[in-house]
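One letter stands for each residue in the lines below.
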Amino acid sequence: MAAVASKSDQGPAKIKVEANELAERILALCAEIPQGVNDKVLQASMPEVDPKSRALAINHLLTNGKIDLLQSERGLLYKARTSTSQVGTIKGDAEEKLVYKIIEEAQNKGTWIRDIRIKSNLVQTQLNKALKSLKSKKLIKDVKCVNSTRKIVYMLYHLEPDSSVTGGAWYSDQDFESEFVEILNQQCYRYLYQKLEKSRECTSGPLMAKNISQASSKEVLQYISELGISKIQLRPEDIEAILDTLIFDGKVEKTLALAEGEETRLYRAVESLIPVTGLMRMPCGGCPVIKECSDVGSVNPIKCSYMKEWLS
Amino acid sequence: MSVAKQKLCHLLLDEVFGSRVAKVGRHLAKWEKCFLADLYQLDQPHECLGVLINHGLVTYGRDPRPTPGVQYEISLDQVIQTIRYPRYLYLIKALHGDNAELILEEVLRRGQETLPKIMEKSLNRIELDENLAKTHKQDLEKTFQTLVKEHFLQRAPHVGTNPEVPGSTVPILDETTRFHVPESIESCSSIYWCLNVDRFHVEFRNKILVSTVTRRIDETAGKLMEFILSLSGKKLEASSRHISITEIYANINKCIDLKLRQYKDHYLKVLEEDRTRFIDRVGDEGGGTYVVNFKHIFTVLGSAVVENVVQEKFNSKALRIFRVVRDKLYVEESQIQKLVMIPARETKLMTYQLLENNFIQVQELRKSLSANVVAKSFYLFHVDLNQVARMVQEMCYMSLSNAIIRKNHELQINARLLEKQDRIDSITSNINASEEFVSEEERTQQLEEVQDMLSPAEHDLVKQIRRCGDKLHSSLAQVDETLLVLELFLKL
Amino acid sequence: MSRGRGRGTGLSFNAELLGVGRGQEAIPASLLTPPPLYPARLAPPCPLVEGPESDYLLAVRKEFLHQMKSSGFQLGGHPRSQNTQPPGAPTSALKVERYSDRYQTPEDIPLQLDWSRFPAELRPENRRRRIKRRPMPTLTQAKKPNLVSRGDVTQTLDELEKKEKSGDKSEDETDKKEGSDGEDEDKPKLPGAIEDSEGELEDEEMDDGTDYANNYFDNGEEYGDEDDDNLDEGGIY
Numbered sequence: 001m002a003a004v005a006s007k008s009d010q011g012p013a014k015i016k017v018e019a020n021e022l023a024e025r026i027l028a029l030c031a032e033i034p035q036g037v038n039d040k041v042l043q044a045s046m047p048e049v050d051p052k053s054r055a056l057a058i059n060h061l062l063t064n065g066k067i068d069l070l071q072s073e074r075g076l077l078y079k080a081r082t083s084t085s086q087v088g089t090i091k092g093d094a095e096e097k098l099v100y101k102i103i104e105e106a107q108n109k110g111t112w113i114r115d116i117r118i119k120s121n122l123v124q125t126q127l128n129k130a131l132k133s134l135k136s137k138k139l140i141k142d143v144k145c146v147n148s149t150r151k152i153v154y155m156l157y158h159l160e161p162d163s164s165v166t167g168g169a170w171y172s173d174q175d176f177e178s179e180f181v182e183i184l185n186q187q188c189y190r191y192l193y194q195k196l197e198k199s200r201e202c203t204s205g206p207l208m209a210k211n212i213s214q215a216s217s218k219e220v221l222q223y224i225s226e227l228g229i230s231k232i233q234l235r236p237e238d239i240e241a242i243l244d245t246l247i248f249d250g251k252v253e254k255t256l257a258l259a260e261g262e263e264t265r266l267y268r269a270v271e272s273l274i275p276v277t278g279l280m281r282m283p284c285g286g287c288p289v290i291k292e293c294s295d296v297g298s299v300n301p302i303k304c305s306y307m308k309e310w311l312s
Numbered sequence: 001m002s003v004a005k006q007k008l009c010h011l012l013l014d015e016v017f018g019s020r021v022a023k024v025g026r027h028l029a030k031w032e033k034c035f036l037a038d039l040y041q042l043d044q045p046h047e048c049l050g051v052l053i054n055h056g057l058v059t060y061g062r063d064p065r066p067t068p069g070v071q072y073e074i075s076l077d078q079v080i081q082t083i084r085y086p087r088y089l090y091l092i093k094a095l096h097g098d099n100a101e102l103i104l105e106e107v108l109r110r111g112q113e114t115l116p117k118i119m120e121k122s123l124n125r126i127e128l129d130e131n132l133a134k135t136h137k138q139d140l141e142k143t144f145q146t147l148v149k150e151h152f153l154q155r156a157p158h159v160g161t162n163p164e165v166p167g168s169t170v171p172i173l174d175e176t177t178r179f180h181v182p183e184s185i186e187s188c189s190s191i192y193w194c195l196n197v198d199r200f201h202v203e204f205r206n207k208i209l210v211s212t213v214t215r216r217i218d219e220t221a222g223k224l225m226e227f228i229l230s231l232s233g234k235k236l237e238a239s240s241r242h243i244s245i246t247e248i249y250a251n252i253n254k255c256i257d258l259k260l261r262q263y264k265d266h267y268l269k270v271l272e273e274d275r276t277r278f279i280d281r282v283g284d285e286g287g288g289t290y291v292v293n294f295k296h297i298f299t300v301l302g303s304a305v306v307e308n309v310v311q312e313k314f315n316s317k318a319l320r321i322f323r324v325v326r327d328k329l330y331v332e333e334s335q336i337q338k339l340v341m342i343p344a345r346e347t348k349l350m351t352y353q354l355l356e357n358n359f360i361q362v363q364e365l366r367k368s369l370s371a372n373v374v375a376k377s378f379y380l381f382h383v384d385l386n387q388v389a390r391m392v393q394e395m396c397y398m399s400l401s402n403a404i405i406r407k408n409h410e411l412q413i414n415a416r417l418l419e420k421q422d423r424i425d426s427i428t429s430n431i432n433a434s435e436e437f438v439s440e441e442e443r444t445q446q447l448e449e450v451q452d453m454l455s456p457a458e459h460d461l462v463k464q465i466r467r468c469g470d471k472l473h474s475s476l477a478q479v480d481e482t483l484l485v486l487e488l489f490l491k492l
Numbered sequence: 001m002s003r004g005r006g007r008g009t010g011l012s013f014n015a016e017l018l019g020v021g022r023g024q025e026a027i028p029a030s031l032l033t034p035p036p037l038y039p040a041r042l043a044p045p046c047p048l049v050e051g052p053e054s055d056y057l058l059a060v061r062k063e064f065l066h067q068m069k070s071s072g073f074q075l076g077g078h079p080r081s082q083n084t085q086p087p088g089a090p091t092s093a094l095k096v097e098r099y100s101d102r103y104q105t106p107e108d109i110p111l112q113l114d115w116s117r118f119p120a121e122l123r124p125e126n127r128r129r130r131i132k133r134r135p136m137p138t139l140t141q142a143k144k145p146n147l148v149s150r151g152d153v154t155q156t157l158d159e160l161e162k163k164e165k166s167g168d169k170s171e172d173e174t175d176k177k178e179g180s181d182g183e184d185e186d187k188p189k190l191p192g193a194i195e196d197s198e199g200e201l202e203d204e205e206m207d208d209g210t211d212y213a214n215n216y217f218d219n220g221e222e223y224g225d226e227d228d229d230n231l232d233e234g235g236i237y
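Chains as they are written, first to last, in UniProt numbering: chain A, 1 to 312; chain B, 1 to 492; chain C, 1 to 237.
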């Protein structure tokens, strides 16, 4: 073919330039078809290019990290890489690049060391070396997982760990902030209870009263934010988690309603169904040794010290 | 029949009927069904059995197969319900007045009684006791008829033979005449009347529901609930009949509560929409048809009682965990921790404490069937409400027994002191009533002398002992309330 | 808890693994005393419900129990005629028997029930026939005319004493036998144990089996008649 002959006549520099052009053409084609360009399609679109030049161009693009080489049922696929990946710029050996690539994929959830090992098929020692060097280059970092104390996940240096790893708003440095949760719990309940009390003064019927006593999670969030007890910004999901614990306490109930075209959760404080039940007004109700209580033995109703305290 | 229940029955029978009847009762409780011959070692078994049958605590029957005699069976539930007698009286007094209270008291004491005798004894009591209001015999009879009409009293069964099974001996109760008072009073002398316990339980059930609604919503809603329940019948059923809105409105329009009349449909709606499902709307015919699902409501109430127990016995964190497990049916430990938002260590501690005390159970699901593989299984926590309710019932029985034992003990070790005080009291009242004394000073002097029979410290001690005895005694009624809710839950 | 080797204080589980390190409260210092019988409770129970209703309930119940005591349903109804020790209570050393208890017959309040309403076997008129089935039947003389009745025992004993003075060994055994016969008469009849002749046979068999009785009881007959007076006294202590 004429084009190819001309290329080979002009010398290496010209080949390089033309290779660059070719690469750009290929890249443009890949960009047009983001799902990936089949090799055959590529061939068909530039019939004048010989396979060797094409291969060179593709290799060039690959090393620069501009496209990805993927395998599909129909053959090889070339995909334009859209992420601002820096694999190409890493000065490291192939193993490190591979490890980096795997970690990058996991984004802000991070990958467990075992997963990296499986995906990369590297030996543990090699893997450790790679990780160490990447860490020293400040490209990745390790984050301790909040769910299990020994689990460590790796992610890119600049990324913020996801809430599932750090526990989100409730954890600060791996410590569960139980006091914070408690305070939020109490404040939310107070807000809802105040609403309930206000609704009791309402004179326009029970339905009106019920509506007054209800609050959506957004309203509660607003109230809490205004109170300023939280250093970080809480999201609706966080408040809903707190409100759910109140539901589990039996102090609050939830209804779903359709408001402004979208489903919202409405919460209202409720009184408990029954007052303290009769059994628990006697010491025997809450007795820790009731299983041992009988007529014989040291634990019996006549010598019971709880009874004695209760009766005096 | 659990041991705790049997022990409680023995104690109650001893309190009410004395030790001989109590022994017979205990024997019956232990062996479930007995022949008279089995009881020969005990003292006066015939009379004891007679007393127990008379008060409706023992039933009898003879199997179709030829057996050497009649079999007797004690109903432990009925024995424990003797604690409730004062509550029946309180209810009847509130509903139908003092006359009804008198009549019911006579019936309770005698077990079964004929109408003429009841009238006679009640009139006697009214005459002797100056605090009771005077009333005529006709008023009493009218009240009696009301009580029978409302099914609070019924005809007592008597011995007879089952027509289908010749040669049998069973208690006969004719359903058609059960609540029927004959016109002529004379023919009444052979008919015995006794308590219809189920009817009282229906009233208690309604009362509990009304108070729950009042707590949850407000008083007016409680009144509405009362109206609805009055339409729902006199039997203990899992769910009431269909009640149409017109009936409810008809009742409301008669009542004086303005707020209810104004907002009746609002209240109905609020009751319907409440998460506890006090009433269910089942259809639109007649403007709207409603049904009260007692079974569901009492499941909710039963679990409320259990949750109360958990909260008071452990703490509110344990309550949260318990409710999470109940809500999510089957849940893993890690999930509990996420939902409950309590530090992991505390969650684990409370979860296992609940498990140890049998409030929650564990279900293991193996990941693989091979036994040798140390494969991890799923351990799922769940709550079996029936079992927990029965466990709480047992706790109630134990508490009741303990209260009775302790009370008897306290009164017994100080018996001499208390007797002395009783004598002082009777002498004091005699002095106050008598007119022998010339002047007030003499009277007061005598009174002081009598009081000096016991030193001030002893007086205080007596007061304290009496206070303890009363406290233990009234705790019986309170624990019985818990027992009632659990019984209704398990029965419906 | 270490098992098996019984050495030292090592724990059988790996403490670090469970997140329980040193210095934390999870492993308290080893306790040297048993745990308290009634561990301290976090909070006392809620107070009882007070109010007119509970006062009423209490008063009514107390009165009800008081009335039941004199109702006749308590069978042997006078409070003192019953065993007033309530069940479940320890036997109190303070129980004082009154002098008057021995000499006053408490008035029993009669039980008034309409017995026609209960199964026939419970009725009082049927009760008398029950007595026959009591475990301790009285002796019916007609059956075994050979038996010596109680009143005659002393008479028989006297007769036998005279017989013994003639020095019959077997009669001694009859003596013993008849002494025990008097008691046997009140017990249920065992076959073959009562009749004299059979009893003797039995006794002899017994004696044949054990020489002990023979050797032990030396009735002094070998010593001659002058010791006959000491027969009944047995040995001289």
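Calculated from the structure, these hints are not laboratory results.
All figures in this text were calculated on a predicted structure; none of them were measured in a lab.
Among these hints, one or two may not hold up.
[Stated by the list, open to error] Taking lysine-lysine pairs in the DSSO-like style, the calculated list, with each CA pair at most 27 Å apart, reads:
| no. | chain 1 | residue 1 | chain 2 | residue 2 |
| --- | --- | --- | --- | --- |
| 1 | A | Lys291 | B | Lys491 |
| 2 | B | Lys338 | A | Lys251 |
| 3 | B | Lys420 | C | Lys69 |
| 4 | A | Lys251 | B | Lys207 |
| 5 | B | Lys317 | A | Lys251 |
| 6 | B | Lys223 | B | Lys234 |
| 7 | A | Lys308 | B | Lys471 |
| 8 | A | Lys254 | B | Lys338 |
| 9 | B | Lys420 | A | Lys291 |
| 10 | C | Lys163 | B | Lys134 |
| 11 | A | Lys144 | B | Lys348 |
| 12 | B | Lys317 | A | Lys195 |
| 13 | B | Lys117 | C | Lys69 |
| 14 | A | Lys251 | B | Lys223 |
| 15 | B | Lys491 | A | Lys195 |
* Which hint numbers does the structure go against, in order from smallest to largest? -> 9, 10 and 15
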